[in-house]
Each structure stands twice: as structure tokens, then as C-alpha cells.
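Enquirer: Sequence:
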Amino acid sequence: MPRRAKTPKWLNAARESGRTGGDWLLRALGRSGALPASEIEGALAAGRVRIDGKVATKPFTPVTESSRVTVDGVVVPLARVTRVLMLHKPPGVVAEGGRDKRPTVVDVLLPLLTEEQRRFHWLAVGRLDVDTTGLLFFTNDERFVQHATSPESHLPKRYLATVHEKATDAMLQPLRDGVTLDDGPARPASARLRSAGLVELTITEGRNHQVKRMLALVGLPVLKLHREAVGGLVVDVDEGAMRELGGDEIERLKTTAGSSLSGFTR
Numbered sequence: 005m006p007r008r009a010k011t012p013k014w015l016n017a018a019r020e021s022g023r024t025g026g027d028w029l030l031r032a033l034g035r036s037g038a039l040p041a042s043e044i045e046g047a048l049a050a051g052r053v054r055i056d057g058k059v060a061t062k063p064f065t066p067v068t069e070s071s072r073v074t075v076d077g078v079v080v081p082l083a084r085v086t087r088v089l090m091l092h093k094p095p096g097v098v099a100e101g102g103r104d105k106r107p108t109v110v111d112v113l114l115p116l117l118t119e120e121q122r123r124f125h126w127l128a129v130g131r132l133d134v135d136t137t138g139l140l141f142f143t144n145d146e147r148f149v150q151h152a153t154s155p156e157s158h159l160p161k162r163y164l165a166t167v168h169e170k171a172t173d174a175m176l177q178p179l180r181d182g183v184t185l186d187d188g189p190a191r192p193a194s195a196r197l198r199s200a201g202l203v204e205l206t207i208t209e210g211r212n213h214q215v216k217r218m219l220a221l222v223g224l225p226v227l228k229l230h231r232e233a234v235g236g237l238v239v240d241v242d243e244g245a246m247r248e249l250g251g252d253e254i255e256r257l258k259t260t261a262g263s264s265l266s267g268f269t270r
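Following my numbering, the numbering of the sequence shown begins with 5 at its first residue and continues without gaps.
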């Protein structure tokens, strides 16, 4: 069974308080780049953060864009500015730390960040299996994560799968028609043979191991998997490298994902 995702602390706090709108101080500070993420809770405990002139020590204190938040007397801009990083994930890297102590995507990302980028709290946009390489986004804006990973956004994700050379175009037709997986019907996908034994598959969902399960269903077990593009943006950095997207690229992702992503501030 797929592993259940952990519920963020801010969401638990929202549920407990009955509040689901607005924002939380910890999350707003992490998104703003006012402090390195590792220092935020310490700064709160030390009384260095104020909201409208009053010391704020609780991470889940509600704030709005009209709140005047300061850190060491310096005003923190609370207007949302979405930033996105593109990482070319290498193989052998896991999404989260575990008992086997294998490196995580965060372990790969951190040494690549500039001093200025280190001041933001970066969230992975989805995940890739340990042996899957390719495009993985990180963002400072949790709304971008929610919308870009939602099945309702229909954000296309293009994969290259190495399979057995016996693969034929006819074997891919069921994927274009729409197959039924053990967790329900999958949307019709764009599928074609790019070369012998190399399948190009584009899906608009993001279920656990979905590409591998779809191809296995038509008799083409995946030997190697690479995510080449998301929302029309192709990974264009070397394996293990990273770059920050420009504002026009971020807008392209929002537009490609559908109208639900409109209204973001670059």
C-alpha cells in the first residue's frame, strides 16, 4: 500500500483551531526568506520576531499580508512571491531520510543553493522513486505544491522509460485509451516509441509508481525511468545540478497547469 504522507504541522494546527484561511507565522517567514529555515523557531523563542509591535513566539500565530512582521526590527515582506528551483535528480537518492541512511533530495539540493537561497524554506513538488532520475521542482510557496501536484490541475509530466526492445506501438495503445490500475482508472496518456526499447509516456496524474504500473500492465516492465519534462519545461541542467526558474517559466507552469494556478504573485 502507498505510504501515507505526513500532515504538515501548520495544517494540524489549523484543524485544531478550526481555522483554515489566512496564514501562519512560521510558514510566512519560511516563504519570505527573512531567516534561514533552521533559525526561524530559535528566533521566535528568543523574542526576535514581532507582529504589529508585539513579540510573537508561537510558530502558528495567524498573520495576513497586512500584518506588520519584523525580525530584529527589520520589516518582513509578507506578499507571496513564488520561487521555483529545478533539480536534475540523480539515481540512488530518496525523497525522505530513512533507516538505510541513503542520501535524500534535500542532501543533493542544499550544497547547490546560494547564500541568499538558503534563507528560504524549500518544499519538494512531488517526488521521484529512488531509482528514477530527472526533473524535480522545489518551491517556497506551498500553494504551488498543492496545485502543481493536484490531479485536477492536469499538469503534464513526460517520462522516458527504458523497456524491453520487443516493445511495439500496438502495445502502447491501451495506455492511450486509458487503463485501470489497482487503485482505479488512469487517464488516457500520450504514449509513443521514441526508439527501440524507449517509451515516451506523458501523464497528467501523479500516483505512486504510476508510470511503472501502467507499463507493466501492458507487458513492458520498466528497466530505467527518467522524468524529462513537467508542464512543458524540459530539464536542462546536468544530473545533480540545479537552477532557479525565471518568472516567465513559473508563469508558464501555472498556465499549463490550468486556471486553478492563476492569481499567484511572481
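A few of these clues could be false.
[Claimed, not checked] Straight line, CA to CA, 16 Å or less: simulated EDC-like cross-link-like pairs of lysine to aspartate or glutamate:
(1) Lys216 x Asp186
(2) Lys58 x Glu43
(3) Lys228 x Glu253
(4) Lys228 x Asp186
(5) Lys216 x Glu120
(6) Lys228 x Asp240
(7) Lys62 x Glu119
(8) Lys228 x Glu119
(9) Lys216 x Glu243
(10) Lys216 x Glu119
(11) Lys228 x Asp133
[Claimed, not checked] Computed beta-carbon distance windows for the label pairs:
(12) Arg211 x Arg256: 39 to 47 Å
(13) Asp242 x Gly57: 46 to 54 Å
(14) Lys228 x Gly77: 29 to 37 Å
To be clear, the hints were calculated from the coordinates, so they are not data collected in a lab.
Virtual Cβ for every residue (Gly too), placed ideally from N, Cα, C.
Enquirer: Is the distance from the Cβ of Asp242 to the Cβ of Gly57 consistent with 46 to 54 Å?
Expert: holds (49 Å)
Enquirer: Could you say whether the range 29 to 37 Å given as a hint is met by the Cβ separation of Lys228 and Gly77?
Expert: violated (54 Å)
Enquirer: Holds or violated: the 39 to 47 Å window for the beta-carbon distance between Arg211 and Arg256?
Expert: With a Cβ separation near 24 Å, Arg211 and Arg256 fall outside 39 to 47 Å, so the hint is violated.
Enquirer: Is the Cα-Cα distance between Lys228 and Asp186 16 Å or less?
Expert: Roughly 22 Å between the alpha carbons, so the hint for Lys228 and Asp186 is violated.
Enquirer: Taking only the CA atoms, is the gap from Lys58 to Glu43 under or equal to 16 Å?
Expert: Status violated; Cα separation ~20 Å.
Enquirer: For the pair we were handed, Lys216 and Glu120, check the Cα-Cα distance against 16 Å.
Expert: violated (38 Å)
Enquirer: Is the Cα-Cα distance between Lys228 and Glu253 16 Å or less?
Expert: violated (28 Å)
Enquirer: Check whether the Cα positions of Lys228 and Asp240 lie no farther apart than 16 Å.
Expert: violated (19 Å)
Enquirer: Given the hint that Lys228 pairs with Asp133, does the C-alpha gap stay at or below 16 Å?
Expert: holds (11 Å)
Enquirer: Mind checking the alpha carbons of Lys216 and Glu119 for me, to see if they're no more than 16 Å apart?
Expert: violated (38 Å)
Enquirer: Given the hint that Lys62 pairs with Glu119, test it: the Cα-Cα distance must not exceed 16 Å.
Expert: violated (27 Å)
Enquirer: Check the hint pairing Lys216 with Asp186 against an upper bound of 16 Å on the C-alpha distance.
Expert: OK: Lys216 and Asp186 at ~13 Å, within 16 Å.
Hints 2, 3, 4, 5, 6, 7, 8, 9, 10, 12 and 14 from the earlier list are contradicted by this structure; the remaining hints agree with it.
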